[in-house]
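A.B. asks: Using the hints provided, position chain C relative to the given structure of chain B.
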Amino acid sequence: MLELREAFAEHTVFYVTYLSARARVLTESERVYQIPNIGVNPLRLLHAAWLGWSILRRERPDVLVSTGSEIALPFFYLAWLWRIPTIFVESVCRLTSPSQTGSLVYPVSTIFLVQWESLVTVYGAKARYAGGLL
Amino acid sequence: MGITRHGLRRESSVCWGFAVIFVTVGMHTLGFPRLVQAMDELAATLDEEVLIQMGTPSYIPRHARSFAFATQAEMDEWCAAARVIVSQAGAGSILTAQKARVPLILVPRLKQYGEIIDDHQLELARRLGQAGSVIVVENVDELAQVLKRTQHFGLVESTRKRQLISTLASLLTDLENGHREVAGKR
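If you read the sequences in order, they're chains B and C. Our numbering numbers the first residue of the first sequence as 143 and each following residue consecutively. Our numbering numbers the first residue of the second sequence as 13 and each following residue consecutively.
It is possible that part of the hints are untrue.
Said to hold, decoys possible - Facing chain C, a subset of chain B residues (Cβ under 8 angstroms, in silico): (1) E145; (2) A149; (3) I226; (4) I229; (5) T252; (6) G273; (7) L275; (8) L276.
Unchecked claim - Residues of chain C clear of chain B, computed beta-carbon distances all greater than 12 angstroms: (9) E60; (10) T68; (11) H75; (12) E89; (13) A92; (14) A93; (15) Y125; (16) G126; (17) V152; (18) Q157; (19) V158; (20) R161.
The set of hints was computed from the structure by calculation and includes no laboratory data. As the structure is a prediction and not an experimental result, all values here were calculated from the model. Ideal Cβ placement from N, Cα and C applies to all residues, glycine included.
Next comes chain B alone, as it looks inside the complex (with noise of 0.2 angstroms):
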């Protein structure tokens, strides 16, 4: 996410990311929120959607844009349910298949950007190729 941070330098923006060193480095410069990581677990993904439904209502943002993982997916359903328009970056890791976050968001996402254009087709008619940081 930091590598695209020139595309919102002129906005007001805050972040939300898991608990780590980087984060913390992070909260020097920027407002940041940091959440326990979510991993494959159903429990910390509940407990995730009630701090992002914290998040949300406190901050009201206009715009979501994630990078993934998984820590999209209760921020993303949040801002479906509430009309916050949304943008996912799919990973530039991703050249043939599918991220399951990827495809877990893709339905509630307002955009939906890859970064090769041979996802296009896999996902479908709201996927579009604008470009990619390798």
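C.D. replies: Showing chain C alone in chain B's frame:
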């Protein structure tokens, strides 16, 4: 200078007066002994210094200097000081290496050797190799030859990143304005 928590002496790249071949296996928990060993054996035959970020130590280099893990800032510093970078084909490693604007050789981790869970690194490396922005080495026996060639290897600029950033920027502005109108925030 100092001892890292892995017991390896930390060298500052500022102390090096010359360029090095920097090898990185990324911050993956799985080691990559196939690459580390190949580069260590080459280090014994080359005139150049070889520095290896070896990750989880499964093969300990005897000829090259090495360390296990590093911070992002340290990795950026090592890449910038390198004459050429030899790296696994993870997205993070590639981004770090490309920032340094130094010739990049990718050695993808391969599922068949238990180095990674699937062959997405191979797929990514081959695609970038086709674009001409990196050299891809799948068989580590070829490294010696390739390292000689990179003396003359030029960098190919990719316009893809610029395209993604500018598309994302205009989408953000459009969506933000649209949502503010709807939400009556103006």
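A.B. asks: Against this structure, judge whether each hint is valid.
C.D. replies: So, going through the hints one by one against the coordinates:
1. Because the beta carbon of E145 (chain B) sits about 6 angstroms from the nearest beta carbon in chain C, less than 8 angstroms, this interface hint is met.
2. With a least beta-carbon distance of about 4 angstroms to chain C, the hint placing A149 (chain B) at the interface is held under the 8 angstroms criterion.
3. Below 8 angstroms, beta-carbon pairs count as interface contacts, and I226 (chain B) has one with chain C at about 7 angstroms; its hint therefore holds.
4. With a cut of 8 angstroms, the hint placing I229 (chain B) at the interface with chain C holds, because the nearest CB-to-CB distance is about 6 angstroms.
5. Restraint check, T252 (chain B) versus chain C: the minimum CB separation of about 7 angstroms is within 8 angstroms; hint holds.
6. A cut of 8 angstroms between beta carbons decides the hint on G273 (chain B): the least distance to chain C is about 3 angstroms, and the hint holds.
7. Below 8 angstroms, beta-carbon pairs count as interface contacts, and L275 (chain B) has one with chain C at about 6 angstroms; its hint therefore holds.
8. At a threshold of 8 angstroms, the smallest CB-CB gap from L276 (chain B) to chain C is about 6 angstroms, leaving the interface hint in force.
9. With a least beta-carbon separation of about 27 angstroms from chain B, E60 (chain C) lies farther than 12 angstroms from that chain, consistent with its non-interface assignment.
10. For T68 (chain C), the non-interface assignment is confirmed: its Cβ lies about 18 angstroms from the closest Cβ of chain B, beyond the 12 angstroms cut-off.
11. With a least CB separation of 32 angstroms from chain B, H75 (chain C) remains clear of the 12 angstroms interface cut-off, as annotated.
12. Every CB of chain B lies more than 12 angstroms from the CB of E89 (chain C), the least distance being 16 angstroms, so the non-interface label holds.
13. Non-interface status of A92 (chain C) relative to chain B is upheld: no Cβ of that chain comes within 12 angstroms, the nearest being about 17 angstroms off.
14. Non-interface status of A93 (chain C) relative to chain B is upheld: no Cβ of that chain comes within 12 angstroms, the nearest being about 22 angstroms off.
15. Annotated as non-interface, Y125 (chain C) keeps its C-beta farther than 12 angstroms from every C-beta of chain B; the closest such distance is 19 angstroms.
16. The claim that G126 (chain C) lies off the interface holds: its Cβ sits roughly 19 angstroms from the closest Cβ of chain B, which is beyond the 12 angstroms cut-off.
17. With a least beta-carbon separation of about 22 angstroms from chain B, V152 (chain C) lies farther than 12 angstroms from that chain, consistent with its non-interface assignment.
18. Distance to chain B confirms Q157 (chain C) as a non-interface residue, since its nearest Cβ pair spans about 25 angstroms, more than 12 angstroms.
19. With 12 angstroms as the threshold on Cβ separation, the claim that V158 (chain C) sits away from chain B holds: the shortest Cβ distance comes to roughly 20 angstroms.
20. Its beta-carbon lying about 22 angstroms from the closest one in chain B, R161 (chain C) satisfies the requirement of being farther than 12 angstroms from that chain.
Checked against the numbered hints listed earlier, the structure breaks none of them; every hint is satisfied.
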